[in-house]
Each structure stands twice: as C-alpha cells, then as structure tokens.
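Q: Using the hints provided, position chain A relative to the given structure of chain R.
First to last, the protein sequences are chains R and A. Each residue of the first sequence is one higher than the last, beginning at 1 in the working numbering. Each residue of the second sequence is one higher than the last, beginning at 1 in the working numbering.
FYI, nobody ran anything at the bench for these hints, they're computed from the structure. Treat the hints with caution; some may be incorrect.
Sample of chain A residues with no beta-carbon within 12 Å of chain R, all distances over it, derived [as the list claims (entries may be wrong)]:
id, residue
1, F27
2, Q33
3, S36
4, Y87
5, L147
6, E161
7, N211
8, A295
9, L297
10, R308
11, D337
Here are the simulated distance ranges between beta carbons [stated by the list, open to error]:
id, chain 1, residue 1, chain 2, residue 2, range
12, A, K195, R, D61, 41 to 49 Å
13, R, S208, A, A166, 40 to 48 Å
14, R, Y181, A, G314, 22 to 30 Å
15, A, Q74, R, E189, 23 to 31 Å
16, A, A166, R, T192, 21 to 29 Å
17, R, E129, A, V264, 41 to 49 Å
18, A, K195, R, V186, 51 to 59 Å
19, A, T209, R, W172, 42 to 50 Å
20, A, Q74, R, K49, 38 to 46 Å
21, R, S54, A, L44, 37 to 45 Å
Bear in mind the structure is a predicted one, so any value in this text is a computation, not a measurement. Where a beta carbon is used, it is the ideal one built from N, C-alpha and C, also for glycine.
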Amino acid sequence: MGVAHVADEEKLNEQQSENGTESATDESTQAETERPLPPLIRSVIDAVKREYPSLDPQARDDDWVEVYVDREQWHDVALGLRDKLGFDYLSLLSGVDYQENGFQVVYHLIAIDSNKKIVVKVNAPERDEPTVPSIMDVWPTANFHEREAWDMFGIRFSGHPDLRRILMREDWEGHPLRKDYVDDRVPRERQTRETYAEAQSLLNRQRSEGINH
Amino acid sequence: MEQSERVEPRSTEATEGDVTRRTEELFINMGPQHPSTHGVLRVLAKFDGEVVSEAKADVGYLHRCFEKIAEKRQLFQVIPYTDRTDYLSAITNELVFCMAIEKLMDIEVPVRAQYIRFIVTELQRIASHLIWFGTFALDLGATTAFLYAWRERERLLDIFESITGARMLYNYVRMGGVRNDIFDGFENTVETFLKDLEKRIPEYHELVTGNRIFEARTKGVGVVSREDAIAYGASGPVLRASGVNYDVRKVDPYLVYDRYDWDVPVRPEGDVFARYIVRMEEMYESIKLVRHGLADLPPGDFVGDVPRRIKLEGDAYARVDSPRGEVACYLVGDGSDQAYRLKWRSPCFVHLQMLDLMGKGGLVADLVASIGSLDIVMGEVDR
Numbered sequence: 001m002g003v004a005h006v007a008d009e010e011k012l013n014e015q016q017s018e019n020g021t022e023s024a025t026d027e028s029t030q031a032e033t034e035r036p037l038p039p040l041i042r043s044v045i046d047a048v049k050r051e052y053p054s055l056d057p058q059a060r061d062d063d064w065v066e067v068y069v070d071r072e073q074w075h076d077v078a079l080g081l082r083d084k085l086g087f088d089y090l091s092l093l094s095g096v097d098y099q100e101n102g103f104q105v106v107y108h109l110i111a112i113d114s115n116k117k118i119v120v121k122v123n124a125p126e127r128d129e130p131t132v133p134s135i136m137d138v139w140p141t142a143n144f145h146e147r148e149a150w151d152m153f154g155i156r157f158s159g160h161p162d163l164r165r166i167l168m169r170e171d172w173e174g175h176p177l178r179k180d181y182v183d184d185r186v187p188r189e190r191q192t193r194e195t196y197a198e199a200q201s202l203l204n205r206q207r208s209e210g211i212n213h
Numbered sequence: 001m002e003q004s005e006r007v008e009p010r011s012t013e014a015t016e017g018d019v020t021r022r023t024e025e026l027f028i029n030m031g032p033q034h035p036s037t038h039g040v041l042r043v044l045a046k047f048d049g050e051v052v053s054e055a056k057a058d059v060g061y062l063h064r065c066f067e068k069i070a071e072k073r074q075l076f077q078v079i080p081y082t083d084r085t086d087y088l089s090a091i092t093n094e095l096v097f098c099m100a101i102e103k104l105m106d107i108e109v110p111v112r113a114q115y116i117r118f119i120v121t122e123l124q125r126i127a128s129h130l131i132w133f134g135t136f137a138l139d140l141g142a143t144t145a146f147l148y149a150w151r152e153r154e155r156l157l158d159i160f161e162s163i164t165g166a167r168m169l170y171n172y173v174r175m176g177g178v179r180n181d182i183f184d185g186f187e188n189t190v191e192t193f194l195k196d197l198e199k200r201i202p203e204y205h206e207l208v209t210g211n212r213i214f215e216a217r218t219k220g221v222g223v224v225s226r227e228d229a230i231a232y233g234a235s236g237p238v239l240r241a242s243g244v245n246y247d248v249r250k251v252d253p254y255l256v257y258d259r260y261d262w263d264v265p266v267r268p269e270g271d272v273f274a275r276y277i278v279r280m281e282e283m284y285e286s287i288k289l290v291r292h293g294l295a296d297l298p299p300g301d302f303v304g305d306v307p308r309r310i311k312l313e314g315d316a317y318a319r320v321d322s323p324r325g326e327v328a329c330y331l332v333g334d335g336s337d338q339a340y341r342l343k344w345r346s347p348c349f350v351h352l353q354m355l356d357l358m359g360k361g362g363l364v365a366d367l368v369a370s371i372g373s374l375d376i377v378m379g380e381v382d383r
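Just chain A, same shape as in the assembly:
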C-alpha cells in the first residue's frame, strides 16, 4: 500500500483509451497455484490488452468424494467430514447436517444446546470474517491488516479449543445437541474477547476502509446487480451486498435467531466495497447476538434424547446462513441408518459462476479483488 503515488484511481480517459486500442486476445491461466486464488482455483481468463474479456472458473482440484463417503458411513462418522468442507466455518457445516438429521428423525434439541450452538455459530462467523478480512486486505496488498486480523482470530481459536478441544475442525455439534457443555468461566472469557474486538474493529476500519488506494480498487469493481445476484443464486453477504435483504437467519429462523432483535446489513451497490462493508458490519451484529446468547443461556441438558436405533426415512432440506452464504444439506434416507444420498449446497461453488460477470471489463487486479470479495474456500467448492 506504500506506492500511493503510482496508483491512481482509474480515470475514465485512460481506461477508454486502452479499450479502444485493440490488441491480440491473450489467454492466461490464473492458478491452480496462484497466491490470490485462495487454494486450488483455476481461472481461465482471456485478456484483450489489460482488460479481462472472459473469466471462467475451473474447479475440482480438491475433490475428495465427500458425498460418496457420506453414503458409506454411519451418520455420526460423517460429521467430521462436514467439518472439512468449509474448514474456516466448521460449526455451521456440522450444524446444517445435524439439523437435516433432526428434521428427518424428529429429534428435539434442548434449549441449552440450541443456545450453545447459537453462540458458537456466531463466534465462528466472527472468526471466519476476521480471516476473510485479513486475506482480502492481503490480496489488495495490505499486509498489516492480515496480521492484526489473525491476532484476534487466534484468541477466538483458543476459546474454541477450550470448548471443543480443537482449533479448526471441531466435530462439536451432534445429533440432538452438542458434544460437551461449555466450560466454567466461558461467559467472562468470551465477554473479554468481545470487548477487545469491539475496540479493534474501528482500528481495522482506520487501517483499511478509508484508504484511498483501497477504495479505488474496490469501489465500482466487480459489480453484481440485484437481478444477477438472485439469478445466479448468490447468498449470504454477496447477496446482501447487492441490495437484497435476504438472510436465512431472518426468513427461516433456526436455533434462537427469532428471539432477538438484530439487523441484517444490506448495501445496494453490489461491488467489492459493498461486500467488504457488509461483512465488517456483520461482525458487529454477531457480537450483539453472542452477547444476547450469553445473557440468556439457560440451564439444562446440552444434548437431547436421541434414539439408539437410527432410521432415516424420507428426505429433508436444511439450510443455514454460514459466513460464506447459504449452506444447505439435502438428505435422503431409505430406512437404514446411513444416508442414501447427501447433497451439499456450497455457497462458494455457486458464487464462482459469477466470476465472468464480475471480472468482465475490468483489469487483472480487479479480478483478484473480485475473487477475494467472494470469500471462497476451495475445500467447500470441490467437496
């Protein structure tokens, strides 16, 4: 970010001049090993001079047969596999899978378990958004923000380790509840963290948001209109940054989201900057929700009565709002104790279809910004 003299906000004259001067079309492979593609994403990009004329995503490098494995294992054995789809937000994956089973089998989840799930889900959202903020800023050349974000995330991972025993892949949500209760003094630990985080987020804004280069590289870049966002199945922050007020937590409340009053951050612009702001504001909302959850955490069981004999019959569709978007699980049972079919909806997989839409007409650097703003996790895309 120190080259502020060299980088100018894109003046319309310069870009128009470049566009009119036609050059030979150039085909470039971005990835699968490329620092800004967040894993093994390959972008087949065509360039007309400096301008992207086509950008198509090629995925599948990380495919590891998650859905096939899920058909061959007992249900409780599948839960750790769900962690490994979106490994930056493992709790939401476990949650949606367990919700689908609970829906099929009519398992009742005790209120305390719901609250614990609710708190860890929202903490996970903060952790995921923090890592996104860091890597996104890094994509745009700001190294400091990355280190700051990881400092906070590290504390959050410590909290997760104290609750679940693991830092990233928790295997914590179980059918009918969670694996173990929270530890003594959990409320205070989390509250201390939240207080610090509340002080830190304005620092992030100071560091990145007002920066002239940052704004020049994000505002008006990778624009997705409201209609396109809906047609292309965008979800989560990407959809909400395109001016659609749609959040599964609001319209289809699960856990205890309907008990509290909270806001859904929505921005109408649909560009990279709007996605950035939506995610940053979501962190505040998550802090609010975690506080509500901690205040109302009721006593009781942390896991409900689950029948010893598991029998899945019929089909169920469960969906949650993960930090990346709408994660959903379509589970079909055939009367046995294994899933007959498990289909995973991964928001990043869906979002990658919009790459062409976002990248077209921009520069290579804008394509990097667009990919960064989608917050992709390749483990989830390829499953």
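The following block holds chain R by itself, in its conformation from the complex:
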C-alpha cells in the first residue's frame, strides 16, 4: 500500500525485500503476530492492548492502526486514548451508512508529538435512531463534526449540548447522506435544443406582436 505513494526506487526495493522476508517468516512460523511491524504501529497496538485487553487493534496496510470499539465503552476509551496514550488530536470524525449493517462512526486520531495514528470505528446498528456517545468533552473539535453527522445521517450523539443541523436548513426533512434517502423534490425540466427553440419562437412571436418584456 505504501508503495503507491513512495514510488522512490530505493524505497521500493527496500519494501520489496521486506515483503520477501515477510512471506518467508510467514511460511516458517505460520503466525500473524510474528509479522514485523514498524515500531510505531507495534507500540500503538501494544499500548491499546495493555490498557484495554478487551479491544483488538489491528495494523492496517497503510500506517494506521484500526480498532473497533463498542459504543458502551467508547467514551471511557476515548478519555483513555487521550490521557494515557497521548492521542490528543482528532483529525476527522465521519459517519458512514452501511445500510443493513447499520451506521458507523469513524474517528481518525493522531498524537501530535509522536505521530502515532489510530482509526477508531464505532458501530450503531439501529436504523431509525442510531446513538453514539458524544466525545465533544474529550476533543472539543468534535462539535461541528458531530453536528454534521447528525445532519447528514441522523446519528444521535448522546451528551452533545447543541445537536442541531449545521449544513442543511433547520426545516429540512430527512438526512441526505443516508443511502435510503429519497429526494422527492420535483426534478427541474432539462433544457434541450427543442425546448430552447420553442421558447425562442414564442419570444419572437410575442415581439412581432409588440409585447415587450
């Protein structure tokens, strides 16, 4: 995955040789845990496992660590991630609609000083009123992001003090980025050569009859 971005020949070769050794160790040990991970990713996984043994952080093939967290414990984990593991920067909070699998809120967290990175995914399976705890008190930047996720997906963030629509009008009905959202406004008539010619001839006729607009 990193290969696509580096495109530096030396690094490419390094990567390939690394891949080579990787597959060799895989064959010999047959264990995923033996795969050599970059030390930064290793340290994030170890730290998360140490603090929260119930979580299962996985290394992604880009340089992020991915972890699924239950929404019941998410607020506590969020506080721990910030205070114990140093993830002080929320880069992005995005809502995703996985239709029958429910909604998912994805948090991209960064530790500014060490550049550790982790993706937290929190699932909310209900269709009508998915609820996820608000983490605005942990990372204040989540305020607008959570309002946007509410606006676009109807995901409720319990504990958010001011959960209003942010991008759509206040009186908008429905949540537009949901996959089952139906836009029932009347479609605008498309202008074609024919309709344009029709309008022009009407205009000309009116002009010749002395009607001025």
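A: Relative to chain R, chain A alone:
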C-alpha cells in the same frame, strides 16, 4: 491606514474602564453578507458594550452536497467537484482525492508526475498565501497591499493557465499522475516569477509588517494557546502559529517532500500576528521547494498505469497540508467504481469552531482580524 493619529494601541486603562462599565447585552448578526466574512459566513455575536462576549459561527449557506454528489458520479467526474471546495487552492484538493484513490487501488505514480504535482502544489500555496495576504490586509484597512498581492498572483495564475488551461479550477491532477506534461520553458517562466517574488515579499513586509497600526491590531489579538489549538483540531498555519511544530508534509511525507531540507515556520505566540508571520515565511519555504523541484525534475511519464476497470474496496484516509491546513479525504469503496462514501475534512470548517475562543473579550474589529487570520474559504466550509 491613514488615520494613524486616531487609532491608538489599546491601552490597558481604557479597555478596563470599558469592561467595568456594564451595559445591556447586544446581539448582532455579522453576515451572512458582510465584507469581512469572506463569503457567506454568519457570526452570531453578543456584545457587552464594545466587547465581544460570545461569537458563534453559523455555516451552511453555501452547502451544495459535494459528498452526496461524489457518491453518484464516476471517480474522474468527482475531481472537478473537489476543485470547487477550496477554490483558492484547487490543486491540493485534487491531490488529496487522487491520493486516496491511489491508496485504495495501489496505483503507482511515476516520479515525474510526483514532481509536477509537487511543484504545482507549492506554487498554489504561494498563490493562496498571496491572496490571503491581500485580503487580510484589506480587512485591516490597508488597500495597497491587496493590489500588490493580486499583481503577483495574477502572474502565477497565468503560469497555471499555461500548464493546466484554467486559472483557478484546474482539474489537473488525475489518478496516477497529472493530466498533461508541463510546457517547454516552464522552468524559466517559473524561475523569473520566483526571482521577482523574492524581491516583492520584503516590499510587503515594508508596507504592512512594521506598520504601527497593523501591529497594534494584530499583536495579542485572537490568541489561541497550544493546548486549545490541538484540542480544537487546528491545523496548518493556525496550528503552527500556536507553537506546535506539526506539518503533514514533514510527519507524513507525501510526494517528494522528504527528499529536501526545508523548514517549518513555527511561532509560539498564537495570535493574529503570529499567523501572519507564519504564512509570510511559508512563502519563502515554498519558493525554496519549487526551486528544488525544478532542479530535480526527472524525465519520464507524467501519468502512470491506471487500470481500465476501477474497483474501490476498503477504506483509505489521505491527508495533505493545504495552504489553509490539513485537508483530508476519507474514502470508502464497496467494490464498485464509485465512492461508497466520501468524507472531506476541511480545515476552515474546523477552524471556525475557535471563533468564540478567539473573539471573546476583544473588540468587533479584533473579531474581524481573527476571522481574517483564519484564512477561511466558505466554499470549503460548506462543501
């Protein structure tokens, strides 16, 4: 700026006197049509006398469903839409979107294409900072700087037009490379421009930086502490002006940023003036980087091999440092050739949350200076 006698640097006595004299709280709508809000930003401001007691941003006036449209179009059709989010720095938007696709699909970008992207990105940063410098000075009442900055930007836009065919909305970065190669004599054209710009930036400083009124209106105004900047998700020059040495180009190098030695301007003060200085210094760094890029521009293809059948699977997060901050793109694919979900991180959207923090306790004019120093583009905020 000619009323130098009337405007005094804020003496502590006068302000304290005003604060203690309590008046009725006044609610004022700043915007959505207001010359200093850079578009359709509405600020819900409460005033206690002349002092701002609350300033909240109300956004969404320019919302045009970018993320929804992106789910309904082919990927290459989405690229022009990304231009229109942050229209003053279109290249970085295209770049981050294409980087996300390349990450998902393992497309390799040829080295020459990386260099071309690198050069145009940094030129774009200069253009964006120039327009910011002009409008920011205009916010504070200095008209001349505005015209000077636009003079230089105009030449830069001409260069962009020669490369990409468009002045602002380029549609130039493509999956796996760029749309077309640079033109003959590109190096010389850019070098001439850079030489002139290097002479001009000291002129800007002469015009604005040392000015007593300018300093009085910017120093100590709109202060964001290091902790607040991180907690509120500030990025780019705003974060770096609060004393955090964090630049995506350094910590997560993309393109060819890791090949060169360059500095990240950082200021510890966190006020409007610090943001101003950081951006002005970034222009010098960009000049340096463009020169490096031009010197090392390798021969080769300007676009790599992109599979004919596009299939997005999994999710990817790409981020770049745009002139305004960290622009990022979270792209989810479901195995089809369209994005299942595209979430755009726009730095201005995030920065606007700090308005209350920056404006509180200051005057209306300070609020204008604070908004100006954030360098907001409403097209990006509302998407």
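Q: Are any of the numbered hints broken by this structure? If so, which, sorted upward?
A: Per hint list: zero violations.
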